[in-house]
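Participant: Sequence order for the protein chains is A and B. FYI, the numbering used here numbers position 416 of the first sequence as 416, with every residue one higher than the one before it. Count along the second sequence from 1, then add 449; that gives the number in the numbering used here.
Derived Cβ-Cβ restraints for the label pairs, each shown as a range: (1) 606(B) to 449(A): 50 to 58 Å; (2) 43(A) to 626(B): 35 to 43 Å; (3) 921(B) to 89(A): 29 to 37 Å; (4) 195(A) to 736(B): 42 to 50 Å; (5) 749(B) to 43(A): 20 to 28 Å; (6) 921(B) to 40(A): 57 to 65 Å; (7) 288(A) to 815(B): 34 to 42 Å; (8) 451(B) to 43(A): 53 to 61 Å; (9) 597(B) to 187(A): 24 to 32 Å; (10) 484(B) to 288(A): 25 to 33 Å.
Residues of chain B clear of chain A, computed beta-carbon distances all greater than 12 Å: (11) 573; (12) 748; (13) 761.
If the Cβ cut is set under 7 Å, some of the chain B residues that face chain A in the computed set are: (14) 473; (15) 544; (16) 669; (17) 766; (18) 796; (19) 923.
Worth flagging that the hints you see were computed from the coordinates, not collected in a lab. C-beta atoms are modelled at their ideal positions from N, C-alpha and C, and glycine is treated no differently.
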Amino acid sequence: MTHPFLALTDRDREEMLRTIGVTTVDELFRDIPAAMRLGRPLDLEPALSEQELSAHLAELAARNVDTTRELSFLGAGIYDHYVPAVVDTVLQRGEFLTAYTPYQPEMSQGVLQSIFEYQTAICELTGMDVSNASGYDGTTVSADACYIAKHATGKRTIVVTEATNPQVRQVVKTYAPGFGLEVVEVPHHAGTTDLDELRRAAEGAAAVIFQQPNFFGCLEPAPELAAAANEAEALAIAHVDPLSLGVLEAPGHYGCAIALGEGQGAGNVPSYGGPHYGFLAARQEFIRRMPGRIVGETVDAAGERGYVLTLQTREQHIRREKATSNITTNQTLLALGGLVYLTWLGPQGLRDVGETCLSLSAYAKRQLQERAGLELVFPERTTFKEFAMRVGRNARDVIRAARARGVHPGYALGRDYEGLDDVLLVAVTEKRTPAEIDRLADVLAEVAQ
Amino acid sequence: MKLIYEKSQPGRRASAIPRHEGLPAPDVPEQLRRARPPRLPEVPEFELVRHFTELSTRNFGIDTGFYPLGSCTMKYNPRVNERLAGLPGFAQLHPLQEDEGAQGALELEWRLQEILAEVTGLDAVSLQPAAGSQGELTGLMLVRAHFEHAGESAQRRKVVIPDTAHGTNPASVTMSGYELTHVKTDPRGNVDVDDLRGKVDEHTAALMLTNPSTLGLFDENIEEIERIFHGAGALMYYDGANLNAVCGISRPGDMGFDIVHINLHKTFSQPHGGGGPGGGPIAVRKLLEPFLPVPAVICRGDGGFGLDFDRPRSIGKVRGFTGPFGVFVRSYAYIRMYGPRLREMSEAAVLNANYVLARVKDAYDLPFDRLCMHEFVLSARRLKRSHGTSALDVAKRLMDYGFHPPTIYFPLIVAEALMIEPTETETKETLDAFCEALLAIAREAAESPELLKEAPHGRPVGRLDEVRAARQPLVKYGFEEHPELEAERRPLAAEAPKGV
Numbered sequence: 001m002t003h004p005f006l007a008l009t010d011r012d013r014e015e016m017l018r019t020i021g022v023t024t025v026d027e028l029f030r031d032i033p034a035a036m037r038l039g040r041p042l043d044l045e046p047a048l049s050e051q052e053l054s055a056h057l058a059e060l061a062a063r064n065v066d067t068t069r070e071l072s073f074l075g076a077g078i079y080d081h082y083v084p085a086v087v088d089t090v091l092q093r094g095e096f097l098t099a100y101t102p103y104q105p106e107m108s109q110g111v112l113q114s115i116f117e118y119q120t121a122i123c124e125l126t127g128m129d130v131s132n133a134s135g136y137d138g139t140t141v142s143a144d145a146c147y148i149a150k151h152a153t154g155k156r157t158i159v160v161t162e163a164t165n166p167q168v169r170q171v172v173k174t175y176a177p178g179f180g181l182e183v184v185e186v187p188h189h190a191g192t193t194d195l196d197e198l199r200r201a202a203e204g205a206a207a208v209i210f211q212q213p214n215f216f217g218c219l220e221p222a223p224e225l226a227a228a229a230n231e232a233e234a235l236a237i238a239h240v241d242p243l244s245l246g247v248l249e250a251p252g253h254y255g256c257a258i259a260l261g262e263g264q265g266a267g268n269v270p271s272y273g274g275p276h277y278g279f280l281a282a283r284q285e286f287i288r289r290m291p292g293r294i295v296g297e298t299v300d301a302a303g304e305r306g307y308v309l310t311l312q313t314r315e316q317h318i319r320r321e322k323a324t325s326n327i328t329t330n331q332t333l334l335a336l337g338g339l340v341y342l343t344w345l346g347p348q349g350l351r352d353v354g355e356t357c358l359s360l361s362a363y364a365k366r367q368l369q370e371r372a373g374l375e376l377v378f379p380e381r382t383t384f385k386e387f388a389m390r391v392g393r394n395a396r397d398v399i400r401a402a403r404a405r406g407v408h409p410g411y412a413l414g415r416d417y418e419g420l421d422d423v424l425l426v427a428v429t430e431k432r433t434p435a436e437i438d439r440l441a442d443v444l445a446e447v448a449q
Numbered sequence: 450m451k452l453i454y455e456k457s458q459p460g461r462r463a464s465a466i467p468r469h470e471g472l473p474a475p476d477v478p479e480q481l482r483r484a485r486p487p488r489l490p491e492v493p494e495f496e497l498v499r500h501f502t503e504l505s506t507r508n509f510g511i512d513t514g515f516y517p518l519g520s521c522t523m524k525y526n527p528r529v530n531e532r533l534a535g536l537p538g539f540a541q542l543h544p545l546q547e548d549e550g551a552q553g554a555l556e557l558e559w560r561l562q563e564i565l566a567e568v569t570g571l572d573a574v575s576l577q578p579a580a581g582s583q584g585e586l587t588g589l590m591l592v593r594a595h596f597e598h599a600g601e602s603a604q605r606r607k608v609v610i611p612d613t614a615h616g617t618n619p620a621s622v623t624m625s626g627y628e629l630t631h632v633k634t635d636p637r638g639n640v641d642v643d644d645l646r647g648k649v650d651e652h653t654a655a656l657m658l659t660n661p662s663t664l665g666l667f668d669e670n671i672e673e674i675e676r677i678f679h680g681a682g683a684l685m686y687y688d689g690a691n692l693n694a695v696c697g698i699s700r701p702g703d704m705g706f707d708i709v710h711i712n713l714h715k716t717f718s719q720p721h722g723g724g725g726p727g728g729g730p731i732a733v734r735k736l737l738e739p740f741l742p743v744p745a746v747i748c749r750g751d752g753g754f755g756l757d758f759d760r761p762r763s764i765g766k767v768r769g770f771t772g773p774f775g776v777f778v779r780s781y782a783y784i785r786m787y788g789p790r791l792r793e794m795s796e797a798a799v800l801n802a803n804y805v806l807a808r809v810k811d812a813y814d815l816p817f818d819r820l821c822m823h824e825f826v827l828s829a830r831r832l833k834r835s836h837g838t839s840a841l842d843v844a845k846r847l848m849d850y851g852f853h854p855p856t857i858y859f860p861l862i863v864a865e866a867l868m869i870e871p872t873e874t875e876t877k878e879t880l881d882a883f884c885e886a887l888l889a890i891a892r893e894a895a896e897s898p899e900l901l902k903e904a905p906h907g908r909p910v911g912r913l914d915e916v917r918a919a920r921q922p923l924v925k926y927g928f929e930e931h932p933e934l935e936a937e938r939r940p941l942a943a944e945a946p947k948g949v
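Please build the complete structure, drawing on both the sequences and the hints.
Facilitator: Now the structure itself:
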């Protein structure tokens, strides 16, 4: 039986083999030594029809408890923000979905122009001069930025604050030995980075990476952190939440060299961790050190405006071992989702989302203290949409008990930080309602001490 | 066509965000508050939909037509996979959900690992790398970890790469802190074994090889290559970009490779989305398993599935969470619709490539006159010499016939290269139409070369001034100060690799 995704009939095959000048398909593989042939069918389960496949995957999906089946306050880097229908509408256009990287600009003006628009949006959000076309996620763009810093400064130490997302720190540390870099972590003090420690560590460093809002949800004194990096002539790198940038100042406006982050919350579903997009933007002086694709505007011979992949002499397919990065495949479709989402929001919508997150999370803090009797871990800090609560006993036990009541109350910070085993990191996006927050408070009142 | 920013009017918006009465007022300290809002577009929702719909009509995907971009494996992307990846149980699942609440996702990942181990002939798999080039880098980190463990890391500093390699290979070597050793290609298109022998020794850490190579040729010396590297105590890395040629026929593990990356967006049909996403899982031999990234996805003793972070010899993490899960759903679904019939997929890909090659090779130059695997490389060198028409001109003229051009100017060792990969997807009628177009273009080059040099005709733009774009980079909209560019009289496009 012909497979649904294959086209050749027996007659096609015969004609084609005759044209080639062989009698069997096997002959086409004659360069493969006999000892390296598999010589048996692959040991895989038999082919499924689309209908059978759909039933099988529906069964697997049903064994996951997603955010539509459980009231979730889980964040810690990936957030349950609303994704409007227009995002799906655009991303499911086959012309976008099923295109390769736009190597031939005459065939690819749609995706090229959209990347140019995306780069503009990211520069506007972050206050930077130049954005690439996306990186894999918020962790890998951080490692990319270290590579920029190494070459821009010639120095060999990367400083990263302990209050930066643990997965970001892990990925930076995994990449660093290959880059010839050392990573130094700076502790936090009561939820925000210790400025004196940071100043000391920044001396002689290539870059300082901090997160705003940080992993605990607290607002760092970001302008002071950037100034400390600049005084030490280290690049100030801000890892930022795109949805905070309607209410929080842009890193480019307080002296950062590079702004980057995880794009998921802006236009991508959580999807168990990916695919999402990481964004990376920098000041003009770093344009020729940027990793990955960049789209530029130009004209054709008739003066018609158009867009091309540009500054390609940075890239691996031309520069090979001297390239600024090995990246080729990026996350264009997800970044397009980001552009559509940011267009849907507009400046006022971005601010509204930020303010709703601020208000709802402030309400949640109040309810968890008053209604559930819990304590804030860092009561003197300002937060954005996420905050740390002490729950009186091991947070992982509290999560289990709350989930049994249909509420996922947040992330157990003890997974990454010593001494915080009884702390829950609670994320409140604009998708939550005051009634849902009351329910969280009631459940925690029951299951926490 | 206008930019979305040029359609923007203050006061318009597409979104409405819930606001709640009686909540605490939003409060941000003055010194951290945003002073001036970002200039995002201000458009109503239907303008948004029209804008991006119009943009899509100025783009070409595999859904639009034939896309023989060599080394990129532009095959059909089944629509059911989009529906399945969008199931709430997958799409709305938080990656930090407790393992008990993610059993379906973990089982899918574990099953995909098992499948990729069987297809590659290796023992253990990590799905974490986000793309092929990140798989390469991860693989080289494993090489380093292996030799550190063996106490040989100071000594083994070199990675061998043939001159046909994808640019990602040498870039990954540099990024992982290794030194490059280049090796030549022999007159039959194989790795030059004589050149290789003098270059592999106790300082060699690994070989990175694509097999079939970027010339579309299966290396006839692979057994000898394996003896040379393993004889010197080095490891062998397989760039899986061309795995579509050999599924169910020959496995990298059986060829002797120790580490393989698989491009899920090539062989296993994750749509490439105009540049990404992709997926670059790596499969390794048993001895490298302890070094794989964390967390590992495991099948527990009780039949359930879980994440294992307790891997003391792991290189660490190369990406967030367990990798691009939505890509795994699509590739898993794709493979399950083939099962052992993946062999038919590869056979059809190789048959299609050989058929197109046989039909067009006399009109162009064939640098290595052999049967090909899933793709082949022609040269337009004769057209250039005789008529002044380049590979770039041929590529642009193919657009007039309704086809996406092949990869051009790659691999670098072939002058005026046209790298053609039809994939298994196409009907014989489509292949014939493409062959007719290539033959017609070769005739046009002789009779009316300006048809090629002025191509494409009727695309939204003509050939664009890439030199200017690079010299005076304009990489974002400038709002009030946005310049209006005018055409200059100058050669427009540089001859650089376009594809892969």
